[in-house]
Amino acid sequence: MTGRVKLSGDPAYTYAVGRVRVRERRLLTPRALVEAAEARTFEDAVDALREAGYEPATRGGAGLEELLARQSAELTRFIRESVPDIRLLEYLRLRLDYANLKAALVGRLTEKKPPLTDGGGLPLDKLTALADGGEPDGLPSPFAELGKRLLEEWEKARDPFLLQQGVDRALFARLDELAGEIGLPFLAEYQRLETDLANLAALVRCLAAPNPEELSAAAFLPGGGLDAGRLGILARTGDRGGAVDYVGRTPYAELARAAIEGATDGLGVLAVRGADRKLEFLRQARHAPFGAEPLIAYYLAKRNELELVRFVLTCKLNGVPPETITARLWGVS
Amino acid sequence: MGLVWSFLGSALAVALSGIGSAIGIGYAGQATAGVMSEDPRNFGKYLVLTALPGTQGIYGFVAGFLALNKIGALAATMTTEIGMQIFLACLPVALAGLFSAIHQGKVCTAGVGLTAKQPAESGKALVLGVFVEFYAVLGLLITIFLLNAV
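Protein chains in written order, with our numbering: chain G, 1 to 333; chain A, 1001 to 1150.
Just chain G, with the same shape it has in the complex (with noise of 0.2 angstroms):
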């Protein structure tokens, strides 16, 4: 579980795994991240940023917005140029996809214009239409019928969280689906592992909740190494004891148990261990110089790069200290 895992070896992808490594040159270092979220004013932190690229065309959270814009639109691009099997296009874009559909049925529910990010298959502008009030029949096959299907679901339950938590499982189940037809060991492990991080996560919230009979319902996801009945059970009944047992015997132990103890911030922490875990998987495919997997390795290292970036740059539009910024970073608590 979580391993190093056989490569595929793939001649195919060999143009691509060229491209790849001059634009792995270009990704951020932590010594840049550092400068610009310890740096003294927001302009200050563009500059910091501005020899990876990330220049935006004017001021403020604006220019922050068209800048990631920019950058998230040029690596679908990338990719779209340099994938011969579309499936693993839509794989990598569907993360995307899935969390437009969120912020467009969040934003049309809590009427507020929604953080729509570009790059993925869906098209914006009916994205736009489902938040201001109008009908997802316009956007495709599954995500018109998921959108139909959540839209139900909360006028019976009114629950934000249930809401989301229906779009994430709907995503992890096309992921799982998708990752187990494209066949590449490497993807499915790598789903396997973000699938285990986000039960995790889940655990550690129910646990940390007054009311986990009604949280733990719906909050695990089918198909990682974990169990996830007996997390279900373990949240449901609040076994904080008996979560530290089980998740001690896998390969999640170090990784999750002050998490599952309840220290503060907890669940901050845990998200940045397991981006870490994420990135450290992702490392095995740095030196191959056949298949895909450097491809998928350099899209989502470099789709973490932009929340990052997004994260950092937003702290600092907003006056967040520059402490707390690295605090977060790098789970420092």
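A couple of the hints might just be wrong.
Derived contacts from chain A toward chain G, CB cut-off under 7 angstroms, selection only [stated by the list, open to error]: (1) Q1030; (2) A1031; (3) G1034; (4) S1037; (5) D1039; (6) T1109; (7) G1113; (8) A1116; (9) K1117.
Hints listed in this document are in silico derivations from the structure and should not be mistaken for laboratory results.
Beta carbons: idealized from backbone N, C-alpha and C, even for Gly.
Starting from the known structure of chain G, fit chain A onto it as the hints suggest.
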């Protein structure tokens, strides 16, 4: 029958080495094209790495040429036994050329990746490729010795 065996040996020496070189250069060439599309600098460094798996094809051509010379010299007295000797003499360069070119292509492809990330280390990438070359050279030498012994 001797002529058939000797022609087959000569043809295999050229064809198998050539196939190996084409595959090896194909790998390294694709990787180089990918790197060039993102960063067109340092083409000279990538050119050597891309061309390196091509030498096996040249070795095969040299061996094939030597075998044909031998066939020409022995045509009047060619027997099945001599034909088979020439055929067997051509096999080392044919097989070593085929497999070493493919593997050298893989090493050079990895070397292209290394150079893309650290251009100053391209010499090390080249040395690693040359290690594989060594076995193709051994194949050619044995083929030459065997042809001389026929």
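Is the hint on G1113 (chain A) kept, meaning its closest Cβ partner in chain G is under 7 angstroms away?
holds, 4 angstroms
Interface restraint verdict for D1039 (chain A) against chain G (beta-carbon cut-off 7 angstroms):
OK, holds: D1039 (chain A) within 7 angstroms of chain G, min 5 angstroms.
Should the interface hint for A1031 (chain A) be scored as holding, given a Cβ-Cβ cut-off of 7 angstroms against chain G?
A1031 (chain A) check passes; min Cβ-Cβ to chain G is 4 angstroms, inside 7 angstroms.
Min Cβ distance, G1034 (chain A) to chain G: is it shorter than 7 angstroms?
holds, 2 angstroms
Could you check if Q1030 (chain A) really has its C-beta closer than 7 angstroms to a C-beta on chain G?
holds, 4 angstroms
Quick check on S1037 (chain A) please, does its C-beta sit within 7 angstroms of some C-beta on chain G?
holds, 6 angstroms
Against chain G, run the beta carbon of A1116 (chain A) and see if the smallest gap drops under 7 angstroms.
holds, 4 angstroms
Chain G contact restraint for K1117 (chain A) - C-beta distance below 7 angstroms
Status holds, d = 6 angstroms.
Double-check T1109 (chain A) for me: the hint is only fine if its C-beta lies closer than 7 angstroms to a C-beta in chain G.
holds, 4 angstroms
Violated hints for the displayed structure: none, as all numbered hints are satisfied.
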